[in-house]
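Sequence lines, in order, name chains Y, H, S and A. Start counting the first sequence at 1; every next residue gets the next number (this note's numbering). Start counting the second sequence at 1; every next residue gets the next number (this note's numbering). Start counting the third sequence at 1; every next residue gets the next number (this note's numbering). Start counting the fourth sequence at 1; every next residue gets the next number (this note's numbering).
Accuracy of the hints is not assured; some may be wrong.
Using C-beta positions, here's what the derived DEER-type ranges look like [said to hold, decoys possible]:
1) Y/T102 <-> S/L89: 35 to 43 Å
2) Y/T102 <-> H/T822: 38 to 46 Å
3) H/F725 <-> A/D365: 21 to 29 Å
4) H/E690 <-> A/N511: 25 to 33 Å
None of these hints come from the bench; they were simulated from the model. The C-beta atom is built at its ideal place from N, Cα and C for all residues, glycine as well.
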Amino acid sequence: MSVGSLFFSVCALVALVGAVSTVAAKNPIRGAVGLLATIVAIAALFLKLAAQFLAAIQLIVYAGAVVVLFVFVIMLLGPDANTGEKSAKVRLSRWGGAVLLTVITGVALFVTRKGFGPLVALGPVRADFGSTEAVGGLVFRNGLVPFEIATALLIVAVVGAIAVARSKPHAKKPRPAGHETRRLFAGPLHPRDAERPLPKESAR
Amino acid sequence: MHALQKLFPPTEFALLAVILLLPLLGAIVNGVFGKRLGKEAVTTMALFAIGGSFVASLASFWLLASAQSAAHAKGSEEAVRFLWKGWEWVRISGRHDMAQLPLAIDFSYDALSGVMSLVVTGVGFLIHLYSTKYMDKDPSYHRFFAYLNLFIFSMLVLILGNSLPVLFVGWEGVGLCSYLLIGFWFDDEKNAAAGKKAFITNRIGDFGLIVAMALLVYYVGSLDWSGIEGGRSNLLTRVQMWPVGNQVPGTGFLQASMPSVAEALNRPRFVSAASLVGLALFLGCAGKSAQFPLYVWLPDAMAGPTPVSALIHAATMVTAGVYLVCRMAGVFVLSPAVMFTIALVGAGTALLAASIAFVQNDIKKVLAYSTVSQLGYMFLGVGVGAFSAGFFHVLTHAFFKACLFLAAGSVIYAMHKRIHDTDASQDMRNMGGMKKYMPKTFAAFAMAWVAIIGVPGTSGFFSKDEILFKAYTSSVAMPVAGGKIMDPRSGKVALELWGWPSWGPTVLYAMGVLGAVMTAFYMSRLVFGIFWGDFKGWKIVKGWKEPEHDEHHDDHHEHGPIEGPKPKESPWQITVPILILGALSIGAGFLNAHPVHIAPLDHFLEPVFKFANGAKDVAVAGGKGPGVALHPNAHGLMWPLMLPGLLALVAGAGGAFWVYVQQAGGPAKALAEKLPGLHALVYDKWRIDELYEETIIGAVDSLAEFAVVFDRIVVDGIVARVTAFIVAASGTGLRLIQTGHTQAYAAVMVVGVGGLGWFFVAPHAAATVKPDEASGSYQITAAPGLGYQYRWDSDGDGKPDSAEFGSQASLPVNLERGEQKTVVLEVKNAFERVSKKRVTLFRPKADASAGGPGVVQIEQGPDGQLRGVVPGQNKPIELRRPAPPPPGGPGALPVPPGLRMAPQPPGRPNPAEPHQHQPGDVH
Amino acid sequence: MMGQLVQHYVLLSTVIFMIGAVGFLVRRNILVQLMSIELMLNAVNLALVAFNRQHQGNMNGHMFAFFIMAVAAAEAAVGLAILLAFYRLKGSVNSDEAETLKH
Amino acid sequence: MSPGLKLVFEAWPYLLAFVVGVLIPRRQGLFERIAIGVVAALAVLLVMGLWPDKAAAADAPTPKEWPNLLNVIVFLPIFGSISVLFLPRQSPKLLRRFTMLVLGLDFLASLWLLGVPMTSGWHFQYIREWLPTFGIRYHVAVDGVSTWLVLLSTFTTPIAAYVSFGSLKTRTKDLCFSLLLLHGAMLGAFVSLDLFLFYVFWELMLVPMIILIGIWGGVEKIKAAYKFFLYTMAGSVLMLAAILYMVWTHKEIAGFVTFDYLALKNLVLPKTAALLCFGAFLLAFIIKVPMFPLHTWLPDAHVQAPTGGSIILAAVLLKLGTYGYIRFCMGMFAGPAWSAAANLAGLAVGGGVLYGALVAWKQDDVKRLVAYSSVAHMGFVMLGLFAATRAGVEGALLQMVNHGISTGALFLLVGVIYDRRHTREVREFGGLAKVMPVYAALFVLVTMSSIGVPGTNGFVGEFMVIMGAFVSLPLGSHGQLQAVLATTGVILAAVYMLSLVQKMFFGPLSNPKNANLPDLNVRETLALAPLIALIFVLGLFPNVFLDRARDSVASVIEGYQEGRKAYMGMEPGAAAKLRPRKGGNLETGYPEPPKPGGETGKKEPAPTAALDQAPPAGGAR
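Bound-form chain Y, shown alone (with noise of 0.2 Å):
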């Protein structure tokens, strides 16, 4: 077994466990932990396919903003975030999930062995391929517009994601006293904080 070989099913089984330990653990914060392997190992393998840029926007995007964001949500949430699904049916679908998993990987395999000819190792990698400037110029080139696209849809999603998330002010409560700074930090987050009492404002 080659260092390659070793690197990539390394890399894999990473992944793989990574994978299924997100899918199958109780806790979501496990789950992030696992989907944090997976992304890392998948960076990896990114790297192992001369894909260097993609492998280090892999990591920002993935590894540095989603899961730091889900795992953000899944703090906010408290113990909520937990379902605990214990329900038969949940038992039973996931049964079914998990023959389905196996009957589809089966044919995967079959279809990847069959339906794509001869097996050829990979060859020689391009000189300057994957790199940061021929990604960007290419994304600068031919894909500007797409790119301006996704550009206008991140801005498009942050707004909307913070029209969706913000707790909307519901008929007219009367509003917590406290200096407009102070509620920023201090106020409730969340409606179900609203209750609580604001901390007493020391002296400054």
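Given the structure of chain Y, go ahead and fit chains H, S and A onto it with the hints provided.
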């Protein structure tokens, strides 16, 4: 004179525009501005408009008379007709859309319309004058005069129109005005209902008129007077009334099982087009002129103000039907059956209405039934072909009946001042002895009375006597020789017309005389009831209602006169018109006094009725055209036939005098008590209204109710609800799947993706064949797919052409004629799965692509004749010549010599044989 | 095992994708479902990059992966925001609670 | 002569109308009087415009046809509706004025159509590629038939809008948007000659109409809106299927894809296919007309719709069904249409004229009654179309316009009383003539038009249809029977309308709630005045109208007969083929189809170069 002639040449006779537009102007001004203009201005405007129109009519009449005498001097038989052309209205299609007929708003002025327009504007003016006083107190004074002027305008359009559609404009226009004026006091539901009844009954007649126009367009191809007269011979053709289309729907299957029934049902029935047109026109006339069965609206129409009753429902509008028959005389005489129907209906209506008039107590009702009865006389006259006599009665009737109505109105006016109750002030039983209080009114009433009962020397005598005389002596001859209409192509008799029955003259004459007796009786009863005896209105005050039944009841509660104004003579605006009209009803008889040989009117109208009196545009054997046949001894019968008429006068009027003056109504009461059922029946107008209510109106009403239910239950229920139910049910079913759980949807998606995946993994062998029979080269093309490779077995021996799969996707195959071949296609996809498909090719023996004439099958028709039928088409090909007897044995159908058989192309497959293979069939 | 073949990557990618898909179907926790979606997107990215490694003529695979990441980030943000709103509404993140779609 | 004097001499009819208009109204302020005077002068302008000065017309060169005119007419309201979205919701006055301005400008623009002699062929033609891949083009043009429907639309929609603004005070912005969009869509459907474009407009107009019914409607507005939508949609999807089939068949033969009506018109389909396609089109159109038994959406929609919506629905929307029949069914499926004409005419008479009248008679709701009278009137229109004689089709066309005017006016009048009493039950009224004399007079007048009293427009249309049906060849002897039966419908019309008038206006004033109703106000009078004027103009001078339609009607009938001949020439089982085209490239901008017989089998796709050729501007021949 010359200046006028120069100003108004016969082809651009703009004076008609003056006659027409003045009343229209009056109507518009009074209608729109009347309320602000004030009563004086409205009066002035209305009188000026109608008076100006009358003056213009007089001028026109004078011009026409001089033109006609000039033409007569030259020996011309043609009717002089002044034309004023307006504008083209619409264009309609001639028969089968072959030609377009422009319909123009044209007006014409000939002798008939001249006399009529003089009557309309003259009597109309007098009635307008009368109304200025009669309607004095009415808050809607301006509205009344607007309607009245509009009526005059419409009536003038009716009589001056140069074509049927223009006449129809006026025809419906007068109906509309009549509707508005009957319902003038619309506060009372009864008046509005009477107006509606009048309009709708008139509409039934208008229906006939529209149908008549359609028939004339179809058969004659013209709608203006000269066009109809010129093309009327085309009406002497037969029209298939039954079955509509080729056969009665549904008898097709009867043909086999019960041929005799089918044949009886399908036997065509024919009528002459002239009869159809005549009947349709007469339906219109019956509606407008209140003839049986459409007379019911006229008595109710008395709900309108009395001047309206006089103008519209006595003098002018209701005579429009007679005018139309006179106008279309040339068409009517083509159908003796229709003419006899008209005469019979007229006589019958005269008797029926007179019988009802016997017992009515409302003086306007009596006059109304008298009008219906007199209109019946007019139709009797025109029905027997005495057009000028019938028309003359229109004229005299206009005078005396307008006078009677207006005088009655004067009486009512006086009564109303005392009683203030519309119904009670018209009740004859509350009057009596009025000649003391209203001498001028009585004088006018009496003049009209002697005229209507036909005292010799008065106008009524001359006109009624002429009609009675003609009823016996005159009849309508067959328009064609022997009454047989020939088919010009075959030369056979297409249709035999019904002729004038031999018993006709006697019956019509008898009915007429009986009617005269009745007229004299009930009119005298009316006069005696109003003017003789003692005034019975003393005890009646405002709000009085007629006691229910018992007339003796009153005797016990006799109390003296109650305070109130005495009836007194009406002011001059009322008395002057009625006196003028009374004088006219006495004197106008000498316009057409045949017994004393003074008949200027007859002479004047003669050219108009040329086409009714034997013009030769339609040849009859003997050289005379269709028209009127006179009794051979007509001249000698004049005086003898007058005798029964005079006896009728004496009997009717004398009887009434005896009953109502000498016996003070005793015998009549006794008779009514003896026959209470009959009396009630006649008093309720024979309950004809109720009969209509129960039958026709009830039928339409229940039909409408049924339609409503049908709409709700069947259309909206079945068509809409059932569809909606099916959709909703399937929706409910599908809704079970829609759990709302995202996962469930995702799972379904996975299943779908799996299915698609399977489709891509499995290979599919499919092929299309492009045949070319002419050259025999067939091209098989396999369908493409994901990574597909193909292998062919072109000779069908089970061994592939090559062991390897290749990329060859199509295969050319050459076939001989009649050869059949099987080709096997194998497909391998990217996953190395293989599928097989067998394609069978066949090339037919003969070249069938060249088409020949169609095949004709011979079969025996229902009439025993052979006919050819092209498969796929319903219409059989008529065989020209009759088939010879079949030479072969039974079952062998002969080929008739008239039919050219389609040449059978060599080798063409017999369509009877079931074909095995079509080119390009893929098995 | 031979050197790395594109099949290996594709197989890995398929399996991760399927784990994500099954996770999405089976779990009722919206958080986990969102993470499953991320898994699936990652799997697709992996396949894209692997194929691009095999066919080096252009780098469209990379570009696609790049955009998928952008979309994934947006998706995560909006999805989590919706999750929060949902939680505020129902007090739970169980997707079985979200069944108004059927009405 | 001084210019002032000259103006008086040349413009005396307008001045007279103005003066009369100022004088007539009672108890109104000066401003209202002047407004009425201006409307009167404008009406006279319109009427004078209908009579071209014959001497001047003979000398004058053929007027140029501005090819963009139809674009302006169609897209002015559509852009207007978009602009409305950017106007402030808070100022309904501005919104209303803007809407009236746009509609008024559209009406003025459409008056240009009268300035051109409508010879046969297409006028104001404008062709632009839209989706060339699918052969879809923006192809608009008018002929003598559609001109009048365009004018009817531009004439009645401002009136409907004006009335709506009087009675609907909520959500003005939405109202303005819907009205303008509806107007544009209807106009687009009348002028488009590309089947795809036609379909787009056809469906587009559903949306604003549903909004109109669904928002400002009565109690059961949602149900009515659904019903309207579902009925119309059910028909039109079938029509879309037929359109696609025809386009596909045409492509198989001619080798290029086109949705152009003028190209597809020459397609002769096999008999079964033609019958099916005809059925699909027919279904879409008779639902819209509506004909028995698919008419029940109409009363519901009318009863629930606000007055303005009812006016548009009756005056214009229903006409799309009849227009579609003339244009598409008679144009493309002459054969099946001819063979089905007699049966369909029976349906039109029995199910429309008679049945509609009978059901109308028994209605308690005034609006429902008028809606059923629409069914009866549209039965006349369809009878004229099935008769396919010149008089019949011209009469049907006239009757379409008549129905738009008289039924529109009736709905307007019903809306007047509804605004005052908020009920439409007949038994709630009675003796109204006493308190509302002007209203009653106008109602009776419009009733007379509706029941076809001669002198009003209603008579001319019905008369021509009856005459046309009586002499019709396609209907044969059945046509005569049907014409006679349709004539009895005239009697029934009098029955139900006069019963209504009697119950509403005559008799004693029984309901004390009616005792103090105000008579017509200025807005209502202004809205009614043009309709009343047209009732008489069309009744007395229908030729000013029919003259412009005559050539087009003649060519419609000619095409109908030719189409039928081609259809009868088809052998059973023969494949579809193309008729040789008459106008050639001039009309469609497409190349001649390949000659039948030569080089069959090898069909090259149409040279795209031909599509690039500049379409003829104006297109008048």
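Indices of hints not satisfied (ascending) = Of the numbered hints given earlier, the structure breaks none, since each of them holds.
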